[in-house]
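Use these hints to put chain B onto chain A, whose structure you have.
Chains as they are written, first to last, in the numbering used here: chain A, 2 to 241; chain B, 13 to 125.
By construction, these hints were calculated from the structure, which means they are not laboratory data.
Backbone N, C-alpha and C fix where the C-beta goes; we use that ideal spot for every residue, glycine too.
Treat each hint with caution, since some may be false.
[To be verified] These stretches of chain A come out as covered by chain B in the derived footprint (C-beta under 8 Å, 3 or more residues):
id	stretch
1	65-71
2	202-215
3	226-239
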Amino acid sequence: MASDETIDVEIWQGDAGGGDYRAYTVPAQRSQTVLDVVTWVQQNVEPDLTYRFACRVGMCGSCAMNVNGKPRWTCRTHVSNAGDGPLRIAPLRNLPVIKDLVCDMTEFFDKWVGAGGVFKPSATRDDPMPAIDPTMTERAAASEAIECINCAICYSACDAVAQNDAYFGPAALNRSWSLINDVRDAGKTERLTAAAGIGGCFNCHSQQGCASHCPNLLNPTLSIAGLKRAAVKAKVRGEI
Amino acid sequence: MIAAHRKQPLWFAFALHRVSGLLLALFLPAHFYVLGLALKGEAALDGFVAWTDNPMVKLAETMLVFLLAVHMFGGLRVMALEMLPWSARQKTFAAAAAAGAFGVACCFLLGAL
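So here's chain A without its partners, still in its complex pose (with noise of 0.2 Å):
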C-alpha cells in the first residue's frame, strides 16, 4: 500500500511469447524518476528485471518504456508527473519484445534506412568543406528535425504504425526529411522515391501522435507533411 514513503508500482514483465504485471512498493524520494523506480527494483528487489538505458540525461533515448499508457523517456520523466494512480510500466508499444522492458530495435532502425535515411555525399574528403549558411530556408527545415535521439518514442505513439507494418514511421520519416533538406546530400531523388513510395508518407494520418509525444519537442508530423508537398510536386514534375 502506497503512503508518502513509499510508490505502488506495476512493471510488465515476460518476453515474446507473453508476460504480466508485477506489483512493488518502492520507496519515495524527491524528484525520483520513473527510471529510478526500475534501477531500485532491479537492484533490491528482482534481480533479473532486464531494462535499458544508458545515459540518464535524456540525450541516448535507449531509456524509453510505457508509463501509465503513454510513451516516455523514463530518466526524464518524474514520478509526480507520470499520472494519477498506481505506476504502471510496460516496454513500448509497436516493436517486439525481448524481455520484459526491452524491446527489439531491428526493424526501427530498418525502417529508417529503408525511408532513405542514410547521408550520400556530394563531396569527398578531399574537397573544401562546404560553407552552411544557418539562415538559409533549408539549414532551417533540417534544424527542426535534425535533433532526433531515435527513442522510438514516436513509433510507439503512432497509430499508423501499429495498424500498418509496412509504414516506416514518424522518426524515419523524420529523418529523410532532415538530408532532403541537406544541400550537401546527393542521394534526394533516390531518397524522396523511398519516403513517397510503399510505407512512406502518404499511410501518415497525421493525427499528430507523435509530436504531442515527442520528448524533444520536435515535430515529425511537419516533416512528413513536408516530404508529402515534396513528393507531390517531384511526381508533377516528372522526377520520381
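Frame of chain A, contents of chain B only:
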C-alpha cells in the same frame, strides 16, 4: 475507453473526421432512396417532404448538417496541413473546424424552427 496515448486534441479531430465520414457513408443509401422517390412521381416525394416537417426529423437533419459541415471543414484542415506551408496553429484549426460546423448546424436549426 480511449487509450492514454490518444488523449490529445488532434487525435479527437482525426476521430471526429473519420466517424463523421463513416456516418455520412451510412446516410448515402437513404439519400439516394429519397432522390429515387422523385422518379415515382410527385405524390411520393411530396409525402416524404411532408414527413420531414416532423420536429424530430428536423433535429436529425441538424445532426446530418453538422456531420456534413464537420467532415468538410475537417477535410479542408487536413488538406491545408498537408499541402500548404506548415502552421503551428493546428489545434486552433481543428477547434475552428468543429466550431464552424456547430455554427452551420445551429443556423440550419434556427432556419428550420
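Each hint, compared with the structure:
1. Against chain B, the stretch 65-71 of chain A contributes 3 residues with a C-beta closer than 8 Å to a partner C-beta. That satisfies the three-residue criterion, and the hint holds.
2. Here the stretch 202-215 of chain A counts 7 residues with a CB under 8 Å from a CB of chain B, which clears the bar of 3, and the coverage holds.
3. With 5 residues having a Cβ less than 8 Å from any Cβ of chain B, the stretch 226-239 of chain A passes the three-residue criterion, so the hint holds.
The structure shown violates none of the earlier numbered hints.
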